[in-house]
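Trainee: Since each chain comes alone in its own frame, lean on the hints to assemble the complex.
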Amino acid sequence: DVKVTQSSRYLVKRTGEKVFLECVQDMDHENMFWYRQDPGLGLRLIYFSYDVKMKEKGDIPEGYSVSREKKERFSLILESASTNQTSMYLCASSFVRLAGAFTDTQYFGPGTRLTVL
Amino acid sequence: TQLLEQSPQFLSIQEGENLTVYCNSSSVFSSLQWYRQEPGEGPVLLVTVVTGGEVKKLKRLTFQFGDARKDSSLHITAAQPGDTGLYLCAGAAYYFGNEKLTFGTGTRLTIIP
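Protein chains in written order, with the working numbering: chain A, 1 to 117; chain B, 1 to 113.
Here chain B stands alone, though its shape is the one from the complex (with noise of 0.2 Å):
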């Protein structure tokens, strides 16, 4: 099973700072998935990246896709409380012909007002 460590694993900052958030593997993945979870929730998906090198941007986050397709970083800028949440990414991999997505460990992020 591939592992996916994400940094930090627990983040509280200011209204109006900026972070950064990291998910981190070993392996190689043929895309990238950003997931955000709310309280009570399930996961919602943000974004996928899929070249390496690759930057998309949602309003104030912007997610990047390694040169090298193993590592991915979230960064929020001017946080705000509804940014709160808990943070996953996912890779996509082929297992024995079929593609799968494993999740990595979660940041849980908390934005004080």
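In isolation and in its complexed conformation, chain A is listed as follows (with noise of 0.2 Å):
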């Protein structure tokens, strides 16, 4: 069966911290995400990833970084997290049909619920 997980399910941070926000996917994917939600702005791409050590932007990278250092495992880094950022962070995967194609199915993790006091 299909596995996404995140490392916490809930996390409170405080304003200045830096925040680590752990993925690991066990289906051998090529490409993984990492999306904010939050009610009636649907889901925001902050970053992507379509190989080891590779990261692209998203519409929403500011004031994040990433990291994969290993195919299975995307990290996603608030250098200093700000109120702002509370918010649901969701990982996702996929796998690839075409190079340059990101739109195959995507599998999502249970979401991260992040709030930063």
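Any given hint might turn out to be false.
[Stated by the list, open to error] List time: in silico DSSO-like cross-link candidates among lysine-lysine, alpha-carbon distance up to 27 Å:
#: 1; chain 1: A; residue 1: 18; chain 2: A; residue 2: 70
#: 2; chain 1: A; residue 1: 18; chain 2: A; residue 2: 57
#: 3; chain 1: A; residue 1: 55; chain 2: A; residue 2: 18
#: 4; chain 1: B; residue 1: 70; chain 2: A; residue 2: 57
#: 5; chain 1: A; residue 1: 57; chain 2: A; residue 2: 13
#: 6; chain 1: B; residue 1: 59; chain 2: A; residue 2: 3
[Stated by the list, open to error] Simulated DEER-style distance windows between Cβ atoms:
#: 7; chain 1: A; residue 1: 67; chain 2: B; residue 2: 52; range: 35 to 43 Å
#: 8; chain 1: A; residue 1: 38; chain 2: B; residue 2: 60; range: 28 to 36 Å
#: 9; chain 1: B; residue 1: 38; chain 2: A; residue 2: 41; range: 13 to 21 Å
#: 10; chain 1: A; residue 1: 54; chain 2: B; residue 2: 94; range: 17 to 25 Å
#: 11; chain 1: A; residue 1: 80; chain 2: B; residue 2: 59; range: 45 to 53 Å
#: 12; chain 1: B; residue 1: 60; chain 2: A; residue 2: 7; range: 34 to 42 Å
#: 13; chain 1: B; residue 1: 12; chain 2: A; residue 2: 117; range: 28 to 36 Å
#: 14; chain 1: A; residue 1: 73; chain 2: B; residue 2: 14; range: 43 to 51 Å
#: 15; chain 1: A; residue 1: 57; chain 2: B; residue 2: 60; range: 38 to 46 Å
In short, the hints are calculated from the structure, not lab data. Backbone N, C-alpha and C define an ideal beta-carbon position, used for all residues, glycine too.
Mentor: Next up, the structure:
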């Protein structure tokens, strides 16, 4: 069965802290994604990666960075957390159908609800 | 960034009723996906439509892709409490040589027993 796991379901951090969100997939997928989900805004893409050590900015990368040292693991880093980064963070993965295509079925983790105080 | 507007944003109806959710954009998409997200879980893909005018059925759910590939609808017949959840559409389009997904704003559906 397909599995994407995220390190925490709930996280509370203080303003200015460095925050790491971890995501692991067991499907040998090349593509991995980080989204944030806010009411009325749907899912917005923060960063994605199509291979180990490769990353691309999504629509809202400001204030975030990512790391992909191994194929199965994709980390989202908040260098200095701020209150406007309080949100639900979703990780997803997909296989590569065609080079440059990132629209195949995405398998999502359960999400991490981050609160920054 | 292309925008996908969904309507309504919230919908609460009685079990057994029919409903339609809309997903609209001014942009053309190469394909469109519908996901359902239940509380505490990530979204799960329901269907992908690729051809303008295409209609796909999944039991009581009917998905249609607009002729111009700018919009889509989801119709549920005889809604059941198990249909409760957040429904998200997602359109695929090319940005600078890469085909990417843009998610809609979401429709939160509640079916009252």
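Trainee: If a hint holds in the structure, say so; if it does not, say that too.
Mentor: Outcome of the hint check:
1. For the proposed pair residue 18 of chain A and residue 70 of chain A, the alpha carbon gap of about 21 Å is at most 27 Å, so the pair holds.
2. With a C-alpha separation of about 20 Å, the suggested pair residue 18 of chain A and residue 57 of chain A falls inside the 27 Å cut-off, and the hint holds.
3. As the CA atoms of residue 55 of chain A and residue 18 of chain A are separated by approximately 20 Å, the hinted pair is consistent with the 27 Å bound.
4. This hinted pair checks out: residue 70 of chain B and residue 57 of chain A have alpha carbons roughly 25 Å apart, not beyond 27 Å.
5. The straight-line distance between the Cα atoms of residue 57 of chain A and residue 13 of chain A is roughly 24 Å, inside the 27 Å bound, and the hint therefore holds.
6. Our distance criterion of 27 Å between C-alpha atoms is met by residue 59 of chain B and residue 3 of chain A, whose separation comes to about 26 Å.
7. Distance hint check for residue 67 of chain A and residue 52 of chain B: the Cβ-Cβ separation is about 40 Å, which falls inside the suggested range of 35 to 43 Å.
8. At about 30 Å, the CB distance of residue 38 of chain A to residue 60 of chain B agrees with the hint of 28 to 36 Å.
9. For residue 38 of chain B and residue 41 of chain A, the Cβ-Cβ distance of about 19 Å falls inside the hinted range of 13 to 21 Å, so the restraint holds.
10. Judged by the Cβ atoms, the range 17 to 25 Å given for residue 54 of chain A and residue 94 of chain B holds: they are separated by roughly 19 Å.
11. Checked against the hint of 45 to 53 Å, the C-beta distance between residue 80 of chain A and residue 59 of chain B comes to roughly 48 Å, which is consistent with it.
12. Against the hinted window of 34 to 42 Å, the Cβ-Cβ separation of residue 60 of chain B and residue 7 of chain A comes to about 37 Å, which satisfies the hint.
13. A hinted range of 28 to 36 Å holds for the C-beta pair residue 12 of chain B and residue 117 of chain A, which are about 33 Å apart.
14. Distance hint check: the CB atoms of residue 73 of chain A and residue 14 of chain B are about 45 Å apart, consistent with the given range 43 to 51 Å.
15. Our hint of 38 to 46 Å for residue 57 of chain A and residue 60 of chain B holds, since their Cβ atoms are close to 40 Å apart.
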